[in-house]
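S.K.: So you can see what is in the structure, the chains are spelled out below.
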Amino acid sequence: MEQVFSRPQSLIDVPFHFCPGCHHGIIHRLTAECIDRYALQETSIAVASVGCSVFLYDYLDVDVLEAPHGRAAAVATGVKRARPDRFVFTYQGDGDLAAIGTAEIIHAANRGDRITVIFVNNTVFGMTGGQMAPTTMPGQETTTTPFGRDPAVNGFPIRMAELLGGLTGTTFVARGAVDTPKNLVKTRKYMQRAFEVQTTGEGFGFVEILSACPTNWKMSPERANKRVKEEMIPYFPLGIFKGGDA
Amino acid sequence: METLFVKGNEAIAMGAIEAGCRFYFGYPITPQNDIPEYMSKHLPAVGGTFIQAESEIASINMLLGASATGARAMTSSSSPGISLKQEGISYLCGSQIPGVIVNMSRSGPGLGGISPSQGDYFQATRGGGHGDYRTIVLAPSSVQEAYDLTMRAFDLADKYRNPVLILGDALLGQIKEPLKTRPYRGTPPEKDWILTGASGRPRRILKSLYLSEGELTDHNWFLYRKYQQMKREIRFETQNLDDAKLLVVAFGSLARIVKSAVGMAREKGMLIGLLRPITLYPFPYAALEKISRKIRNFMAVELSTGQMVEDVKLAVGHKKNQVDFYGRPPGSIPSPDEIFHEIAKVYKKRIA
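First to last, the protein sequences are chains A and B. If you count the first sequence from 1, position 110 lands on 110 in my numbering, and the numbers rise without skipping. Position in the second sequence counted from 1, then plus 1000, gives you my numbering.
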């Protein structure tokens, strides 16, 4: 019998620690698939951020450097400038990239650093216990917006892909989701392109991926998936914002 | 070797490049701007990279990234900027990543001013950032020493896999003096821990997060032992210890003014010696303790309201009641005459 599906070589064979229904596991797998596809396992230097994604080094079989909260893009700049021949990517959540690390991501993108950024947006601080993130939706209840996010008090969810797509320094910017097989396949393509713009030396690649956090959303995995489609995608539209057709 | 006439800031930049520093990340702040300016001009010629970062925070983290791949990297700033770098310095220590960080300090607290101050002593020697960590702190007092110690800083950082701070001040950074350049003779160690992509070897992880039971305790004990080993690097300069009845302790650029004042006192027959710590961490506790068996009276002189004086008191233990202090908060620099006057007062009270 022909084997048509297997674990990516760069994905370590251990169970994920992520909560049931969390999309990090899927996105980790997609990342590993890209590493394998472009044969980058031996030349990759990953920059792990903080939060649920910090344990990237438990799952990806590549060299990993851990960055302080929000600073992954600046760390990646240092790595890439020192080792321009290596493949350098960050993996960051919304609390990390869109709050404390806003300055670092905008300037790394605008410098056109030849790095790849995988940005997981689940509209909440995950590991710290479900506090409001910059991407939290209006009306969304979190532990620090117990009455729902009020834009008059907390402002509006920030659209990072649109923001970075508007910068001259970026080469490829897209937003995907992994709530359905169809979206997953598209997201895989976006990630491949974000990897390619680095391997070909074209420039900075960024993929935002809408992700479910059933635990902190206090939803079943099915309901959480539905929320991605019904609430998140309308506000955070999917597609390519820079470097290709949507 | 050639003799040049340069600023302290320029000497640091020149020493860094000579020692093999090829990556500089920084953000402008007075009075250390000559360092990034020099680096931006001279790094490209040696195949190096200069990046003006968007903040002090970004620049220390760029250093973290570059150093993690084995490169020699430096950042510099001045007091408020160093406060912002403290997070990154803590991570460098926790992840055991080397790097050289220059603080050409100015006066605070807050925005303060751009005049010289030694008010960052506690921040530099006590860790400064979060967690139970230490960094080697070198305090040059001349342009020549700034050059020499910067070269040494890179060797020490690599040797201990730990960041090394150079603590100068606005005076040292801006003063212009003759500098004798010399070729770097050190040999950067083989680095079997750096991230280069896992080709032909198992992957490596550089991190500071340790969650398993007991793992962080072990890591911190390991770091503690490393900080103890740094005592081998203690350096200081002494003058007139043989017959001294009063030992004056001062560091950095201020120590030069104190030296002149001590010279004036000697001319007047006062038996005064001088100790200038060159490493502020580790502090020369043992040397001072040994001296305290012969010399009973001490005086710390600082450009602050008193920080290093606490280390002098710790060093001399039960004789701490015989430690006098003269400090000058930021805003003006004392003249040798003024310091002579203060030393003479203490000498009269304690000895004459």
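If you are wondering where the hints come from, they were derived from the structure by calculation, not from laboratory data. Do not take every clue at face value.
[Said to hold, decoys possible] Computed footprint of chain B on chain A; a stretch qualifies when at least three of its residues, placed anywhere within it, have a C-beta under 8 Å from a C-beta of chain B:
| id | segment |
| --- | --- |
| 1 | 38-49 |
| 2 | 64-72 |
| 3 | 81-88 |
Virtual Cβ for every residue (Gly too), placed ideally from N, Cα, C.
S.K.: Each hint needs a verdict: does it hold in this structure or not?
M.R.: Hint-by-hint comparison with the structure:
1. 38-49: Satisfied; 7 residues make the cut.
2. 64-72: holds (count 6)
3. 81-88: Held - the segment 81-88 of chain A has 5 residues with a Cβ nearer than 8 Å to chain B, which meets the minimum of three.
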